[in-house]
Amino acid sequence: MDKSELLKLKKTACNVRLWTIEGVFNAKSGHPGGSLSAADIMTYLYFNEMKVDPENPKDPKRDRFVLSKGHCCPALYAVLALKGFFPTEEIKSLRHIGAMLQGHPDMKHTPGIDMSSGSLGQGISAACGMALSAKLSGDDYRVYAMLGDGECEEGQVWEAAMFASHYKLDNLTVIVDFNGLQIDGTVADVAGLADLDKKFESFGFEVIQIDGHDFEQIEESINKAKSVKNKPTAIIAATVKGKGVSYMENQVGWHGKAPNADEYKTATEELKAQLKALEA
Amino acid sequence: MAESKKIATRESFGIALCELAKEHDDIVVLDADLAAATKTEIFKKAYPDRFFDCGIAEGNMIGVAAGLAAAGKVPFAASFAMFATGRAYEQVRNSVGYPHLNVKIAGSHAGISVGEDGATHQCCEDIALMRTIPGMVILNPADHYEMIEAVKAAYAYNGPVYIRLGRLAIESFNDPDNYSFEIGKGITLEEGDDVTVIATGLVVNESLKAVRALKEKGISARLINLHTIKPIDKEIIIKAAKETGRIITVEEHNIIGGLGEAVAAVTAESYPVPVNRIGVEDIFGHSGPAVGLLSEFGLDAAGIEKKIIEILNNK
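Taken in order, these protein sequences are the chains called W and V. Position one of the first sequence corresponds to residue 763 (this note's numbering), numbered consecutively onward. Position one of the second sequence corresponds to residue 24 (this note's numbering), numbered consecutively onward.
Just chain V, with the same shape it has in the complex:
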């Protein structure tokens, strides 16, 4: 099984860029004065000639990335999720999405686990914003190994990709010797018949702990890791709806516009079952240590377990 050392997915991202760059000289990395935080500095140190700081100007950074892609490079443009997808939304839509250019956008410090910086930097809207852009692939890896593979898959895919990165160091739960990543394919982590929990990103491991605790209490919950929000894995969702009759989604994102709504859209159109959404309930975050905030927002294992029991009791 995986080693126990904690690592933030932003760091895994920086490592993955370097691994890719060894073999591919068309990779160019851009940042907007946050290289130390997004961990593109790992790439910057290894490949200084292919790293370009754009300064605090995210709109231009996305446009520069579009131009690089139009000229045949494969740019990875990184900033905080808030700025990469929020500040620069329209540049992403018009300069990257519309011409379907081969630009990879990395949004770090996503969700409330940003911690102390507080609400202005805790982006719980990035997935919602990126979902609305036609042709945009959205990846939200859950641990170190998944991030490494996701970045490689993003490079191999020809088109725009948004990758969500976290600030908080987390445990790795995937087994690197027995793991494969495919864009658009969810992974069943636990089998179960009573209910299906579908989680994405940082809260997958928390959900895994919650689901295992529920098993001890006699609740057989299936757990699916949906690392790709778009294109969404309809097959795995419909199968879960048919076999378990109920779905609960877990995300570190506003319940509006995120994983939960994406899953509910699939079931509503193909096989309606109740879908409950666990996430940030349409409120802004606030300052505090990340782990404390996750607990306060009910997004740690204990909170998720509690919420699942509540939902099942109220059905």
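With the rest of the complex left out, here is chain W:
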């Protein structure tokens, strides 16, 4: 990608992070850490890759995105709002009574959400079903499923991985947001999950490892996945939980906690400064 495109993506991702913080702060709850680690990848997919139309969110031919790590929807809501699926103002009522934006993605009520999710391990199976449907109908849309690294402890992820490989779902790209942290501590301490790349490889996936905050690497991996035939691709993206907000970065405590007023102020000031630096 050229420099202006890269700059544009960085600015959009910065705005996604600002709206993520806005949502979680107004909700007084939610999951900022994993939202911020996944923000760059979601930004790239929706702004540079996926065939989606905010005016026609149910287009049968659209590309699909399943946020299997559904708790990180604050970032997805920010991406969808900035893309034009609904007004950004909606984000301020995230998790409120009567609000459209639920604590976890709700495909019935939120334009742009392709699958309800939140119970870990389930989204990837639904993504397999969508990819299979495209094969059956001869449609050329692609399906993206974003998983957490901790989520890969769920057995269903591997049931789905077997299925995707067995049925040669090369229109499916699984992206693991590998930020290394989960609620009870580091992923390494809680359940191991060693050699995730080898696990996916042995399940029949093409595996690509990238820096999940480097847009050029994201682009390269997404493009490579599109050229892989007869098997699905897993992109394992090394990320920083809480990326972009200094006091949240790499802190387990920011998995599922909203910032207080002072912390909110600090976070927005930091992100606005990053945006200003990009605009300079």
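Think of the hints as simulated: they come from the structure by calculation, not from any bench. Each residue gets a CB set at the ideal place from its N, CA and C atoms; glycine is no exception. One or more of the hints may lead you astray.
Claimed, not checked - Restraint-style ranges between C-beta atoms, simulated for each label pair:
#1 V:Glu-46 to W:Lys-930: 21 to 31 Å
#2 W:Lys-823 to V:Gly-311: 49 to 59 Å
#3 V:Asp-72 to W:Lys-823: 19 to 29 Å
#4 V:Asp-72 to W:Glu-817: 28 to 38 Å
#5 V:Tyr-202 to W:Ala-861: 39 to 49 Å
#6 V:Phe-307 to W:Gly-846: 51 to 61 Å
#7 V:Ala-142 to W:Ala-953: 24 to 34 Å
#8 V:His-47 to W:Ala-956: 39 to 49 Å
#9 V:His-47 to W:Lys-930: 17 to 27 Å
#10 V:Ala-179 to W:Lys-1038: 54 to 64 Å
#11 V:Gly-311 to W:His-871: 44 to 54 Å
#12 V:Pro-295 to W:Ser-855: 36 to 46 Å
#13 V:Ala-179 to W:Ala-1039: 51 to 61 Å
What the hints assert, rightly or not - From the structure, some residues in chain W lie toward chain V, with a derived Cβ separation under 8 Å:
#14 Pro-822
#15 Ala-889
#16 Ala-896
Let chain W serve as the given structure and place chain V on it in line with the hints.
Quick look at chain V alone, frame taken from chain W:
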């Protein structure tokens, strides 16, 4: 009247899928390594391109079905009732029920009539589990003809449906030339004034025999076939409560959470009358031939008749 050849409702299910698939190319069938038992193999042979074995991974199968439905297909996902509704309960709730996706779940080998496989496979909880999921339709057809029509109705309905299938070959009692199926509408099989028997699934025909035997003994029992457990036919239940003053339910399911409780909830709220539940009395099954087990559990015609007389004598 119906032919006398016995056929299991699982087989009727497989036949119905093929009939539907002739006209509808959006039907996709999934199984979890039990195609030979759930009889989706009938579909697999006829439409191999639209059949997908998910292996022994029921949770993923339900999720794949949800994704297929989200993309516009009409998936029928089959396994044993125990695994489709028990093992995969949470996938059914969150990936199918919550987004109200157009997924049809078929649970075969329901109830104790599984037979020799014993308690681990004799699911007497599936109706209870599925009842708790908002928006889930629950169908429990009683014979071959009813199953054929139920599967067609499930396809025509846009939303999640659970269909209960039996392993045991049973007689068909419905008249195919004079039968219509509507989701949520019970069918009165026998008129009567003294008591109403409401049955569902495999035990409907057994109840029919019991009710006819009771007529010979001077007991006028009404018999209702409630093939749909949810949404439940309140009208037919309340009418029966008003006109007969007493209801006895019969089901091949735990009396906790099944037909009996669903019926009792309707009467308790609208027109309280005594409701007695005949079914599996909160115990696990065990191995043995299906017909012998039905007799042992009091769910054959003789057992049902005996229990009804006991209940009426104790009122």
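Just tell me: holds or violated, for the beta carbon distance of Tyr-202 (chain V) and Ala-861 (chain W) against 39 to 49 Å? Given about 48 Å between the Cβ atoms, the range holds.
Does the Cβ-Cβ separation between His-47 (chain V) and Ala-956 (chain W) fall within 39 to 49 Å? Given about 47 Å between the Cβ atoms, the range holds.
Does the Cβ distance between Asp-72 (chain V) and Glu-817 (chain W) fall inside 28 to 38 Å? Given range 28 to 38 Å: holds, Cβ gap about 34 Å.
Just to be sure I understand the hint, the distance between the Cβ atoms of Gly-311 (chain V) and His-871 (chain W) should be within 44 to 54 Å; is that true here? Since the Cβ atoms of Gly-311 (chain V) and His-871 (chain W) sit about 50 Å apart, the hinted range of 44 to 54 Å holds.
Assuming the hint says 51 to 61 Å, is it satisfied by the Cβ distance from Phe-307 (chain V) to Gly-846 (chain W) or not? Holds - the Cβ-Cβ distance for Phe-307 (chain V) and Gly-846 (chain W), about 56 Å, lies within 51 to 61 Å.
Whether the CB-CB distance between Lys-823 (chain W) and Gly-311 (chain V) falls inside 49 to 59 Å: 54 Å, holds
Range agreement (Cβ of Ser-855 (chain W) with Cβ of Pro-295 (chain V), hint 36 to 46 Å): 44 Å, holds
Consistency of beta-carbon spacing, Lys-1038 (chain W) to Ala-179 (chain V), with hint 54 to 64 Å: 58 Å, holds
Okay, His-47 (chain V) versus Lys-930 (chain W) on CB: inside 17 to 27 Å? Given a distance of about 26 Å, which is inside 17 to 27 Å, the answer is holds.
Evaluate the given range 24 to 34 Å for the C-beta pair formed by Ala-142 (chain V) and Ala-953 (chain W). 33 Å, holds
Does 51 to 61 Å hold as the CB distance between Ala-179 (chain V) and Ala-1039 (chain W), or does it fail? Since the Cβ atoms of Ala-179 (chain V) and Ala-1039 (chain W) sit about 59 Å apart, the hinted range of 51 to 61 Å holds.
With respect to the beta-carbon atoms only, verify the hint that Glu-46 (chain V) and Lys-930 (chain W) lie 21 to 31 Å apart. 29 Å, holds
Checked against the numbered hints listed earlier, the structure breaks none of them; every hint is satisfied.
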